[in-house]
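Participant: Numbering of the sequence shown is given in the working numbering, commencing with residue 2 and proceeding in unit increments.
Mixed in with the good hints there might be a few duds.
Derived lysine-lysine pairs resembling DSSO-like cross-links, with alpha carbons at most 30 Å apart [to be verified]:
| hint | residue 1 | residue 2 |
| --- | --- | --- |
| 1 | 68 | 79 |
| 2 | 197 | 181 |
| 3 | 163 | 181 |
| 4 | 69 | 79 |
| 5 | 115 | 267 |
| 6 | 263 | 117 |
| 7 | 123 | 163 |
If you are wondering where the hints come from, they were derived from the structure by calculation, not from laboratory data. Computed from a predicted structure; not experimentally measured.
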Amino acid sequence: MSTCLGGCNVWTPRRGRKKSSTPAESPAVVPVAEAPSHTPTSDSDKMAASLNQKVDALVKSNPEAAKKLEETIAALEKTYLSGESAEGPIGRLGRGFQTFKSNVYDKDSALFDKLKTGQWPKYMIIACSDSRVDPATIFGLNPGEAFMVRNVANMVPAWEPKGGYPSVSSALEYAVKHLKVEHIIVIGHRLCGGIKALVTTEEGQGSHDFIENWLEIGKPARAATKAVSGSDEVDEQCKFCEKESVNVSLTNLLSYPWVKEKVVGKKLSIHGGFYDFVEGSFQVWDFELNVSHSQKF
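Between the sequences and the hints, there should be enough to build the whole structure, so can you do that?
Facilitator: Next comes the structure, spelled out in structure tokens:
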């Protein structure tokens, strides 16, 4: 099985004009009147001015205290940039919810009134659990647009009735039979830790309770990578395997009778996707009963 990754039109931003090698004439200097000094008018202005005076006096009179003040300011800036505060990590989630509620939930009552009655997503997205590759964020999806499954290395196990990995299989069954999604998209991504473990862990050498067993699903991708990647470098092998493992999962999707039936009947399309957050690109290809047309965004 081979990945179809060619024939892509890649958009590149227009570059700025080339700078001239001939030095330009220096512009004439035009005298500008000195800006008037700011006189505090409001209470907040007066407080800020008073604080600045006190800080200046502290810096001049007590270098050690000034150093501690700088450290405190740096710590406050770090806390601000990380989105955390004295409330802690869970408080960060609470503030995030309040932002969502005021900016999304409260502003789109029609959408959420509709969602109270059910869900009708067109897409099922199978993606990695990696915190850097959230599909809703990447694609700007609204609540109700996509039914999602996320697991280590975005894998789909082959059909195995009454056994296997029911977490993925049950979600797949619900999406296809009950929600009647029109598209299933399996999305791999760059620098996937699960794929690196698949490529680099020798048979029987794993040290985890569950991960190696789960990654057994991707062994055909690993075999293809070792056979045709053309490189001994781990990173290059991972690049190849990150996409090849998506095709393995797409092949496994077609082992489910009710998935294959809908694909053959043109009621369901399955696609492979690849998100490269290093380069900031996304590639998608169709997968009917074989790999076909590929697009890159």
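Participant: Now tell me if each hint is right for this structure.
Facilitator: Okay, the hints, checked on the actual structure:
| no. | hint | in the structure |
| --- | --- | --- |
| 1 | 68 x 79 | 17 Å, holds |
| 2 | 197 x 181 | 34 Å, violated |
| 3 | 163 x 181 | 22 Å, holds |
| 4 | 69 x 79 | 15 Å, holds |
| 5 | 115 x 267 | 28 Å, holds |
| 6 | 263 x 117 | 28 Å, holds |
| 7 | 123 x 163 | 27 Å, holds |
Checked against the numbered hints above, the structure breaks only hint 2 and satisfies the rest.
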